[in-house]
Structures are given as structure tokens and as C-alpha cells.
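Spelled out, the chains give:
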Amino acid sequence: MSKILLVEDDEVMPKIISRILPEPEYQVDIAVNGKEAMQKLEANNYQYDLIITDIMMPYANGFEILSKVKSHDREKPIPVIIVSNAGNEDMIMEGFKLGVDDFLKKPIIPAELIIRVKRLLMKR
Amino acid sequence: MNTITDAILRFYESTIFVYGLVLILVYALLAILSLVAIRKYLSRTSQQQLDALAGSQLAPGITILAPAFNEGLTIIANVRSLLTINYPRFEIVIINDGSTDNTLEQLIQEFDMVAVDFAYNEKIRTQPVRQIFKSRDLAYSNLVVIDKVNGKSKADATNAGINIASFNYFLCTDVDCVLHKDTLLELIKPILQEGKKRLIAIGATLRIANSSEFDEGVMTRMRPPKKLLPRFQEVEYIRSFVLGKMGWSYLNCVPNVSGGLGLFDKEIAIKCGGYDHSSFGEDMELLTRMAIFCKDNRIDYAVRYIPRTLCWTEGPATLQIFGRQRTRWARGLAQLIRSHFRVFLRPRYGRFGMIVFPYNFFFELLAPLIEISGIIVYIILAVSGYINWPYAIMLLIFVYTYAVMISTLAILWDQLSFRYYKTVREVLSLCLMPFLEFLLYHPLITIFSLRGYFYYLTGKRSTWGNMQRQGFKKAAAKV
Amino acid sequence: MNTTFSDIWQEIRYFYFNAPLAIQIAMVFIVIAVSATVIAYLVILRSRYRSYRRTKQLQKLLPKIDDLLINEILANPDIPQDVHPSKIDLPLAPFESLPLQKRWARVAMTERIIHFRSNVKGNAGALLRNLYLQLDLDKDAARRLKSPRWDNKVRALSEYVSLELPISDVTLLPLANSRNRELRAAARQAYIKLSKNEPFKFFDSVTDPLLPWDQVELFRIITTTEDIAIPNFARWITYSTNKSVIAFCLKLVVHYNQIAAVPAIIKLLDNRDHYLRGDAINALGKLRVKEAEDKLVQLYNTQPMFCQVEILKALGRTNSGKYVDFLRNEFTHATEFDLRKAAARSIARNSGRAREVMEELLATTTGQDLLILKHCMNPLIKY
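Chains as they are written, first to last, in UniProt numbering: chain A, 1 to 124; chain B, 1 to 479; chain C, 1 to 383.
By construction, these hints were calculated from the structure, which means they are not laboratory data. Since we're looking at a predicted model, the values are computed, not measured. Errors might be hidden in some of the hints.
Stated by the list, open to error - Calculated pairs, PhoX-like style, for lysine-lysine (alpha carbon to alpha carbon, straight line, at most 20 Å):
{"id": "1", "chain 1": "B", "residue 1": "Lys271", "chain 2": "B", "residue 2": "Lys123"}
{"id": "2", "chain 1": "A", "residue 1": "Lys15", "chain 2": "C", "residue 2": "Lys64"}
{"id": "3", "chain 1": "C", "residue 1": "Lys382", "chain 2": "A", "residue 2": "Lys97"}
Please build the complete structure, drawing on both the sequences and the hints.
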């Protein structure tokens, strides 16, 4: 079973993602803003196999979460996928500088997300 | 009474009559125009559009300037909330104006900041900049902190921020203001939608934060202030922004973009020399100079307002602080009128010279003086038995009901467009205010304004430091 | 009671008719003000109540819609994966539990489908569009498009665009020439998104400026429409007389990296409009056209400041190393801060010999110039 943290302030996306990444193969934890994401990370001691996050969210944006996750364990960092409406060149560059593993612009193709998730989980 | 005093009295009476009539008509006009302007705004704005801009590469860059002086208590939460603003291309410049508390240390620690060799170009002269900090954490790559010598004014601090700003537009706010996450999207939109004129400043509605709930710099529950004094201010803000500024905006006659929240054209602001640190109302003063500059240089400019509330600011809750704030505003107004009087009724300055400035002169600056003179005359007449009481009372009722109507309409426009607050009870608690305002709140403003004029004339300086400190924090909310 | 009321009324009448004009007017206005205030209260109460009820209804409806959309459409194992989504008859029976005979519910349903489509595309997006059509939700949009009110038309057009519903050129073209700016802009977006023949045709004929906002929306639509044939934008860069169209096409050229358009852009360097020239220089830089460097440097001295800054930036982006000395010269001799900074940045961005120049400059410069160099070398500083 793979444990995934999904950080997204829109209410529809989590419903879709938790459906296309179903239990028992996946366990999707949902945080609706940056603060909740940080709390969940701390509470679970960063025990996630993958993180999917949006960029623009209240409390802490996706880059902060990304940076926090990547600096928590530099040896074997948790893979992070950004799924965001914002996708200008600057932001994508910034994401990759911070070590994001994949960058998907909304709207996404669900099948594509599944494949990318699987690929990152396999690498791990 | 002899004929001379009689003639003077008659003249006074008819002047006051005309004055009152114009004021009443202006308010009626503003009420109508603001409704037109708000409807226009609503029919042209959708969340979908804002989302489109949030994801666009064509969005122009914006610099957010937030001066901070001894804001140690809230600085971290507020910077964090600025970092999560919804916009694809922006930077945040925090100007630590020589704080004596640990504001700077907190910033350095929380955001992993280091002093960098920064090519600072002093386009506007300010107190010296000591150091400029950037974060080592790339997640905060759009955050800059300037540490400068205290300049005893928000103006000086903001100017240092303008000097360092990378983008063509800057948003001026205060560290203790809480912004809506769509602030930049909403404020830049009028600029992108304007074909002919150059928009030099855009503002939005401010509200009082006092009883609303905030969590780490994010507004979670909007509520009218529970205490009476801030609640009066809430109604005053709604009237001034939603009804007043929107009406003026429709006529391109906006007199002031509040220092708490405003987006400005950087090039013009710099060419005007930035904020004036000797002014007590630096926001209005800058806008005045920008407008005059545009007129002098034949730039077809406009200043716009949008009716949506994008900023919450702490309103003074005690009479003492409130008094200081209003005294300061009045003093700023007097300074402003005095120093730019050359544009008064000069057709060359277009609507600014013919409408905005004269309106400010007659109905903002003179209003408290005329009121107080009216009361004195009234008392004299009453004592000497010259008053026709039934007529006098009728006029009083008229003024009272009219004032109540205007404020209630402002609340109505606001409610129809945005349905703020959670319960009807909260809205009704605001609706109560216009009835009391005339008796409780308005006299206070008149008295404090007169005190401001008195200080202006006498050049009082004794409470300078103290006032500055308060002013620095509270000038934000200038209506 | 009755008598007292009529007494008061008589009293007021008497007072009114004996009062001077000013007082009479005041009395009339008192009545107006009091009634306006009372009406305002009633309107506030009514609108609060209505939206309260609507919110309650939506709170109940939206989760239902979400469940249905996910269970019946997006994650329904009975829906075949190998058939084109538009050919599938979707299971509509479960949707009958929704109050779709009510207009507000249809509006909510449509908005939700559009919201879902802003999150998912591909097969899932096509299925959602199919559902919208099979539920006959497009009838509302069609009716709204015929409404005389411009804002209704705009709403309808944006719905057509969001759901990629075909719309005939005959209907669209008159709207694209409407006198209302918003409507015109919306119709143009719809035209690009939905026209089968020549989506970019209106670029030829548009005479009014495309506002930056229109460009934001058009850019989004052009770059997110999947089956659109991207033309060579050089055509408009060369022939259009509309400056905003040219400027917009430059941005599209950069986005699609259309090297074929470079000659047309280079010709634009002789244009008399400063802003257009600035945009052209910017585009050449972003396209990294090394061949344009000679021309840019040759033009440099006759340009206004912001074009000079653009040229310096472009030399940093093209990064050929050929004009490092030119950059150094500008850095050491220019009087304007912005020019020196742009030159320094471009030296820092250049590789190869520029490194030596940078080392040398770092060793020999002092004061503000040294700060500029360090500023440009610092990876922590973004701008």
C-alpha cells in the first residue's frame, strides 16, 4: 500500500484523485491547505510515499511544502508532484529548482496522473 | 439687530443653504453612480476570469510593499499570508523601518534570510538602507527584506521599497493589514482592461478587522466589530468606499487611494518623487501629486476603485487612538490643500482641478468649520429668540433622515453585491449605526478635525514621536 | 385612535401648506428618505433570505452532483474505454434524482461540470461534455445567447467555450463585431476556440486594439485548445496594421518557439513604434536568435532607454559570447543605473569568455558597480 498526501484547496480535485487512486492499493490523505499539510507531515513523521500538491493555497504555498519535504530527508526525499492551475515558465522553473519530480498543469488527464504516480512510486 | 448684522446673517443663511443643497445633491448623485459602477463591476468580473489570470504567463509583475515598524507580534503570520497570495508573478518587499523590537530577527530566523550584496538604486531619497536580506530557501525567493534607519514615517519606508521594486506596478499596504488572496488579480484587472487611459492607481474597499476572526494571517470569519467605536468606523468605511469611492471612480474623480491598500504605477510615482515624508496624509498627498504630474505632462490618466473588500485593517478601538488618527488625517488634509492650492478651480487641471480639489476643499476641509459656525450661530439665534423652532426641527429631521438613508443605501449596495457577514443579525447591527452616528460619532470626527486644523496652524510638534508611531500603524486605514 | 391619526395628519397638512418652500421640500424629502430606508431594509432582508435558502439548497445538491459525476461518469466501470466518449450513451437514470427541472439546479449542474472540466481533460473531460449535452443543459446557453442583454450573451459564449460546443460562424461573426467591448472579446475567444475553418481569421480584420486582458484570455484559449492548427504568426507580424495584434503574435511566436517567424521579427526592428520595437527585441532574445545580435548592437545607440535595456537583456539570452566586450563597455560607461545592471546581468548570464570578463571586472570595480556585479552573480536574487 502506498501512502499519498494530497494538498489541494479546491474541493473537487481530491474527490477525483482519491477515486482514481483507490484503496487498498493507495491511501490518500487529504489536506485542504498548507497549514493542514504541514500538520499532517509532522503528525505522520513524513511517512508518505508521495506528495501531490497545488501551488496557490492559504497558509503555505506548494513551494514551501515542497521545500520543507525535500529538505526533511535529503538522502531519500519523498517524491512530489505539483498539480496546479498556475503553470507559467517562471513557476515551473522554480518548481524544478526546488526539486519537484513532476509538474502537471490543470486540467489533468487522470490516466496520465496514474501512470506518473506509479512511475514515481516504483523508483522509490 | 441692526441692518448690517441682519445682512450678514442673511448672507450666511443663503450660503449655508446652497452649501447644504450641493452636498445633498452630491450624495444623491454618488449613491446612484456607485450603484451603476458596482453593477458594471459585477457584470464584468467572474471567478473564472480571475483564475485564468492566475494561470497566465502574460500577467504583469507586481511588487508588494509592506513597511513594518515594531510589528514583532504579527510579522511572521502576516508575511506568511502575503506569501500565499494568488498571483503568478510577484515579489514581497518588507521594509523594516528601524524597529526597536525583534521584528527583523524574527524574519531572518523564520525565513532563513541572509544579508546580500544588493545593487540598491536610490531613485527617491530616503533614510539610509542598512542591509538587504534574501532567503536561502528557494521557496521564499520572492521575498526581500530591507533594513533601514527609522525615517519616522511610513512614507520614508515605502519609498525605500519603491526604490528596490523590480516590477512596473507596486502594491502599497501595511504589515498589519490582512489581504484577500485575490487582491493582486482584482487590482491589476482594471489596468489590463483599460484601452485608452493610463491607470495610475487602483484601490479597493477596506474593512475593519476588529471582531473578524483570523488564523495566522488568513481571514476565516467576517464579522462587524462588536464595540461601538469600531463599528461606527465599519459603516463609515462601507459608505466611503462602496458608495463614495465607487461613485467618484465612475466619474474618474477619486480623491484618494487608501494607504492600507492601493496599486500604483511605479514610473509615475517615482517621477513624482514618491511619498512625502513630511505629510500627515501621505497616501492622499501622493495621489494628488501623481494626478497633477499627469495633467502637467498631458498623460490621460485615471484612478479606479473596485467595490470588493480586499483588505482588513485594525480600527482604533479607544477614543484616544481614534482621536489621534483623525487629528492626523485632518492635519494631512489641511497640509495638502495648502500646498497644492494652485490647482484650485484651474480648468487646466481638468476634473482634478475643477471637481476633486474643490470638493475636498469645500466639503472635506471646510465642513467641520462650517458645522461649528452653524452651531454657534444657532445657539446665538436661539438665545436671542430668533429661531422658528418648528421649522428648525423639521430641517434637523430632514438632515438626520437623509444621512441615515445614505448610510443605509451604502450597506444595501454592499449587501446586494457581496452578501458579507454570516447572519442577518450582524447586518442589522450595522444598520443601527447610522441612527446613532449623527449624535455620537459625527461630533467626535468634527472635534478631532478641528483639533487637527489647530495643530496644523500652530505647527504643534510636542507629541510628534508618539503620534508618528500611532500614525504609522493607523494611517493605513485612511478613508 | 382613528381620530387622533387623522388629527395628526390634518396638523401636518396645515403645517406643510403654511411653511416656506424650503421647509416644504425638506418635508417631502423626509418622506422619501424614510421610505427609501425602509425599502432598503426590506431588500436586504429579502436578498439575505433568498441567498440563505439558495446556499442551503446548494449545500445539499452539490455533494450529490459530485458523487454522481464521479461514480456514474468518471469512475464508472460500465463505461467502455475503447469507444469514443462522444458516442457513448451515458447512464442518465441516476441523474433524474436531481431537481434539474429547476433552473437554479441546472445552472449549478452546468457550473459543476465546467468546474470538473477545469480539473480533468482527455477522455474524462469528453465524457463530462457528453453528459452536459445528453442532459440537454445546452438549451439554457442557446437561449441565453439569443437574449438581448450583452452580459447574458457573454455568459453563454463562455459556456460554449468551456464546453467546446459548436457554434456557427453566422451567429458568431456579428457578435465579434459588436459595439460592446466585452461581447466582442468573448465572441473572438469563441471564434478561435470553436471555428472549424480559420480560427485566426479575425486577426486579419480586427482594427481596435486587443487589450492586455483580451490577450490573456486569447493566449489561454489558444494554448489550451488541443486540436487547433497553429499558423505561422509571421504573417500578421509582417502584414498587420494593428500594433496590438503584432505584439500579441510576438508573444505567441515565443511560446511556440516559431523560428520561422524570425525574419519577420527582424524586419520589425526598423518599425517606428518604440514599444513594438522593444517587444520585437524581447522576442528575439527569448527565441535566442544569435543571428540578430549584430543588428541589435548596431541599432543600440539610436534607441530609447527601455529598448536599450531590452537589447542588453537579449544579448544575455542569446549568449553567443560575441558581444561580451560590448556588454563590458556598456557596464563601465553607461550613466544610467538600469543600463549598467542589465549589462552586468547579461555578462553574468553569458558563458565562456564572459567568465573571464566577469572575474576581471570583479577585481577592478568598486563601489556601486561592484555591488551591481555581486547582485547579478548572486543566485538568491531573482530580479
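Quickly compare the C-alpha distance for A/Lys15 and C/Lys64 to 20 Å and report which way the hint goes.
12 Å, holds
Run the distance test for C/Lys382 versus A/Lys97: straight-line Cα separation, threshold 20 Å.
Holds, at roughly 13 Å.
Taking 20 Å as the top limit, are the C-alpha atoms of B/Lys271 and B/Lys123 close enough?
9 Å, holds
Hint compliance for this structure: every hint is met.
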